[in-house]
Amino acid sequence: MDERVIAGRYTLLSKLAAGGMATVHFGKIDAPGGFNRVVAIKRLHPHLAADKAVAALFLDEARLAARIRHANVVPTLDVVAEKDEVFLVMEYVAGVSLADLRRAAQRALPVAVAAKIMMDVLEGLHAAHEAVDEQGVPLRIVHRDMSPQNVMVGSDGTARVLDFGIAKAVGRSHTTQDGGLKGKPSYMAPEQIEGGRVDRRTDVYAAAVTFWEVLAGTELFPAETPVAAMMRSLREAAPAPSTHNPSVSRGLDEVVLRGLAKRPDERFPTARAFADAIEQTQRPSTARGVGRYLEDTAAEVLSARAQQLAYLVDDDGQRSAVAPAEKPPAPAAPAAPSTANEGDLTHFEAVATGKSRSDSAKWRALAVGAAASVIVATAALTTRHLFERERADSPPIPTARAASPMVEAAVPARSAPPASPSAPPTTEPAPSALAPLPSSSSLAASNGPTPSAAGPRQGKKAPQRNAAACSPPWTLDAEGLRVLKPECQ
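Just so you know, we're using my numbering here: the sequence shown kicks off at 1 and counts up by one.
What the hints contain is simulated information worked out from the structure, not anything from laboratory work.
Certain hints may be false.
Here are the computed lysine to any residue pairs in the SDA-like style, where the Cα-Cα straight-line distance is at most 20 angstroms [claimed, not checked]: (1) Lys168 x Thr270; (2) Lys15 x Arg69; (3) Lys168 x Glu224; (4) Lys15 x Glu82; (5) Lys262 x Ala237; (6) Lys83 x Ala55; (7) Lys168 x Ala127; (8) Lys168 x Arg107; (9) Lys168 x Asn36; (10) Lys168 x Ala240; (11) Lys15 x His47; (12) Lys168 x Asp133; (13) Lys83 x Arg4; (14) Lys168 x Glu82; (15) Lys15 x Gly34; (16) Lys262 x Arg232; (17) Lys52 x Ala81; (18) Lys168 x Val313; (19) Lys15 x Ala56; (20) Lys83 x Glu3; (21) Lys485 x Thr475; (22) Lys15 x Arg4; (23) Lys15 x Leu48; (24) Lys15 x Asp296; (25) Lys15 x Arg63; (26) Lys83 x Val5; (27) Lys168 x Asp199; (28) Lys52 x Lys15; (29) Lys262 x Ala240; (30) Lys262 x Glu295.
Distance ranges between label pairs, derived from CB positions [what the hints assert, rightly or not]: (31) Asp51 x Gln135: 25 to 35 angstroms; (32) Gln135 x Arg250: 17 to 27 angstroms; (33) Glu236 x Val5: 46 to 56 angstroms; (34) Gly196 x Ala228: 12 to 22 angstroms.
From a predicted model like this one, the values you see are computed outputs, not experimental measurements.
All C-beta atoms in this analysis are idealised placements derived from N, C-alpha and C, irrespective of residue type, glycine included.
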């Protein structure tokens, strides 16, 4: 395997994701005494590193991310400029993107799980909005590209915001040209589409679109082109997510629709206020519950990535440049990187791994060790509240379609057809939407029915086990935990 040492301390390993302007690789920090740590290294394409404007944008991303210190934001650890190339060294998060999680689930996420993930995301956005410079002056950061692709859901059950490549901030040395648009059309707020003033409420809108889609299990406004997506967002009102998923309460409907208000002054004033409203209306899952749901739903993706990582960081000197014939399963439905938007720094797609399958116990131990070295465990992992459970059964996601392409053009933008999906049964969340002006109403707690998992009573004949119905022999509750089917006991 071709490895490269950067700045004498970082080993650049195989590709993890790819985009129009950069690639993300597995990496490793090597230090004296056998210390090593797995990281993610974002590498600007060499032919673009020579462009001073592009390099400035890339370095600005690192400077902004360095000012945001929060558990729900993926931190940038270092910046390296070497041999006419630029690298950003970031914390490696063992997990999957929210887009990958939706693809793996092929349906709406359990309401409590979705609530916990979005509360994490909103806290991360709030930290970015509140960031200050070295003198304590507010930076007024606006992410501008909030979407499921830019949310990492870790195996520890914590969601983190990433990629501030096109963020707007005070004093940023390289910004979008006047009259231009940057972002994913399906998640753009009306003021962003129309070229107006953007602020933290623009990110609140994009987060509300994301929340709507994970609750409903489908796209908000499907469209064939970026322009069509933006037009639907501007003209059409969003339906309540409960129209697609009856598990969503009326109170939570109102919270989501307020975040989707067309006028910024009718949305939540801050991302934290949005998170507080979710918590007051819907009891969220725990970090442990989200982690368990991730393990059960995205097991194939996590397994493939863990095997690849274990193979890459194996330090016993026995790693072969030629992988054995048997390969680990590839991540679910990775789409090819979009070529329609070569200026896109923020849109990355998973790269399927073809590394060898090593011994099961070995790769599990190595992967766990790697994750432990880079992810700080939260207190939520050591405590657990027993919440009322609700069924995770929800409508399946309809026919797949490719991820929403990024756009970087003046309005009216030129339309570009979306990339072809690589696998029929899966999809990345895409279109954005606007909601009608919400009516003011009090937030009511949502209490769903608790499913029974009790077995047959003593003295009565147990139900006959059906092989087809018992594969698997369990269902997932609202926290992502397994509940044994009575007929399979």
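In rising order, the numbers of the hints this structure does not comply with = Numbers 2, 3, 8, 9, 10, 14, 15, 18, 19, 24, 25, 28, 30, 32 - these are the hints that the structure violates, sorted from lowest upward.
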